[in-house]
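This is what each chain is made of:
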Amino acid sequence: MTNDPHGPQKFIWKYILSTDHKMIAKQYLLTGLVMALVGAFTAYLMRWQLGYPNTNAPGWGLVTPDKFNMLVTMHGTIMVFFVGMPLLVAALSNFVIPLQIGARDMAFPRLNMLSYWIFVLSCVALLASFFVPGGAPAGGWTGYPPLSASEQYTGVHWGMVLWITALALEFASFTMGGINYLATFMCLRVPGMTYFRVPMATWFLIGASLAFFFSVGPLIAGAVMLLLDNVAGTGFYIPAQGGEPLLWQHLFWFFGHPEVYVIFLPAVGCVLEILPVFSRKPIFGYRAIVWSMGAALALSYIVWAHHMFISGMNPRLATPFSITTILISVPFAVIIFCMLASLRQGSIRLDTPMLWGLGFLATFLIGGLTGIFLGSASADIYLHDTYFVVAHFHYTFFPSVFFGGFAGIYFWYPKLFGRRYNETLGKIHFWMTFIFFNATFWPIFRVGAGGMLRRIADPTQYRILDQFKEMNSMISVAAFILILGQVPFVWNFFWSMFRGPAADANPWRAGTLEWLAPSPPPHGNWGPGLPTVYVGPYEYSRPDMADDFVPQYRPVGVLGGPAGQA
Amino acid sequence: MTAAPADSIASDRPAPLVSKVGMALFIGTEAMFFAGLISAYLVFRVGNPNWPPAGQPRLPVESTAFNTLILLLSAAFCHRAVSTLRAGLARSSAYWLGLTAVFGLFFLVLQGREWIRLVQFGLTLTSSVYGGLFYTLIGVHGLHVLAGTALVLYVLKRSVEGRYSAAYPLGVELARMYWNFVVALWPGLYFLVYLL
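Line by line, the protein sequences are chains A and B. So for the first sequence, this note's numbering puts the first residue at 1; every next one is plus one. So for the second sequence, this note's numbering puts the first residue at 1001; every next one is plus one.
Since the hints were derived computationally from the structure, they do not count as laboratory data. Note that the structure is predicted; figures quoted are calculated from it, not measured. Hints are not guaranteed to be accurate.
What the hints assert, rightly or not - Short, incomplete list of chain B residues facing chain A, as computed with Cβ under 10 Å:
# : residue
1 : Phe1034
2 : Leu1118
3 : Gly1131
4 : Ile1138
Backbone N, C-alpha and C define an ideal beta-carbon position, used for all residues, glycine too.
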């Protein structure tokens, strides 16, 4: 409390209605982790039904087909919008951006608090849909009409209205957040923090906000029309009333594909932040990475229809969208190769954050490579809506949200809470997750290529799927162990928060600004004077320096060398 | 306890640049929101050779043209509110703000009157996709005019309280940014929905 300009604070102002960006980050972090538990429970129930069809799932009961549809819908919605977004976008942006650029707080602290509480409201609205008449929405997490536009198809009315409401509130919340992150980034960098001295994590979090910012509007427009279809009797998406169901798909995926990068880019940013620290080398190709991210962002707005190759849209559109989709893999390939080159000949330390970072690299690569099959219209016609797609996007989302997310959480844990987590438990957590993530989702590629369709509630109804009976049970067992593998994390997270050994300001010997502030940083972050930045963020192992790294706040410009150009 | 640092975050006056960047970003999402609605409108417009569909009433082109003029005038008043404030004439700036709000409200009242007539002629939200699109697109813009008017009235209240000056015109400038956006949308929407 000694550095806190506001003195001791009452509980409600410190923990509930705080405007401190670090506290809001922790609030988002905890909310996202709680929602992840709900999402994991829905996954458990679905996997039980697929592995052991039509038997009672322990702790719940029989998963009937209508319940299965709700679980599929809620699992996707929760994991993408209520776990990925708060953990990777909100929690990380709030914590990392001001600290890394040397700001004392966000540009609009009260707006920041408001955005968190609107997000809580949207979580409540979404979870409430389990308890209203008709149950939770059951039209899939993409909400395709006419399933989502009219009660007659799924028997769900209030659940659907709540789903749209929850998404609307969440997007309002993240728009406020995005205004904050971008305005903070543009206006509050400390002297010397030029755009090309900004650390990778901040660059990629800003990229994520940009991707979200300019794609969310059309989805809100689509959602307004979907809501009117549901409550006011319009027919924008209902063919019988002259509507156009494909319109929703276009508006949804115009947002939906940038949304993939909203979740993916922060994970890449975390890993890029971790690789130099744990291999004691400058990042390879800093500028190439930043420009590649820019190129990927621009391309992400013109690839959306690759989600719709078999939707019945004009097939002549398939070729241009196939081409842009293949093109977008080029900037990401540049980034991945830069990551690999950053490791080459480094003094690699396999601490827990580094393990998660390397795990991200290995698993995401598979997700990216299988995307090439799905991005080619001709191959997609066969694979679309099978479990191959399910495996593909779990190999992209899971590494992003969990491998990238955990990399970030472990990396910044000492800064977040001022204490060290338990390294052994962290490594057990990593290996449990890494092994059983692959054991779960690798066979799903095989099952999907063999013709198992996604979203089916009972595979025993299809004779062609009899051959996958054992494999489905095995996948389910692996998935259950994967969920159980998170127990060491939960224990480690909460135990270390109170009992872990105290962390010093810079436990990883990293060069970016956040490691200058005390752990945990006080309100206002920097004490009386703001830091000044003299060098780039990754000055490791410089031949002209005795110490193996130069932090950004240490003036070495007179020595010349690489720092002057960074 | 150290004294509050010079660059303390605990300032009740937000910095002008960061606030304008924030407003510009917000307007950016709003613009994309309207882009979504307009593209939805165009999908139906281009896909239907008979537009408006048979049996649906024609839109009031002339009275809405007059209304367009009203809205454009209000934007000019809003500009005067900023320029007089910058010249140090806080009192006359408040008058121009009031005039902006009055013209904004007049636009809404006239729109409402036309809507009542259209409903009587049988154009409703559910009468056809045409009706649904009309009320959604024009209605959403109307809500933005309402929000903009509320913002102008709020700034007017603070202006009367003497919170703005030539040295600190930020609130009025932010209100003008938003009002400009709302007004600039309208001629485009008018052309698209009423004339095209």
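Going down the list of hints, with the structure as the test:
Given the 10 Å rule on beta carbons, the hint for Phe1034(B) holds: about 7 Å separates it from the nearest Cβ of chain A. The interface hint given for Leu1118(B) is violated, since its Cβ lies 16 Å from the closest Cβ of chain A, which is over the 10 Å cut-off. Interface hint status for Gly1131(B): upheld, as the beta-carbon distance to the closest one in chain A is roughly 8 Å, under 10 Å. Taking 10 Å as the C-beta contact cut-off toward chain A, the hint placing Ile1138(B) at the interface is violated, the least distance being around 13 Å.
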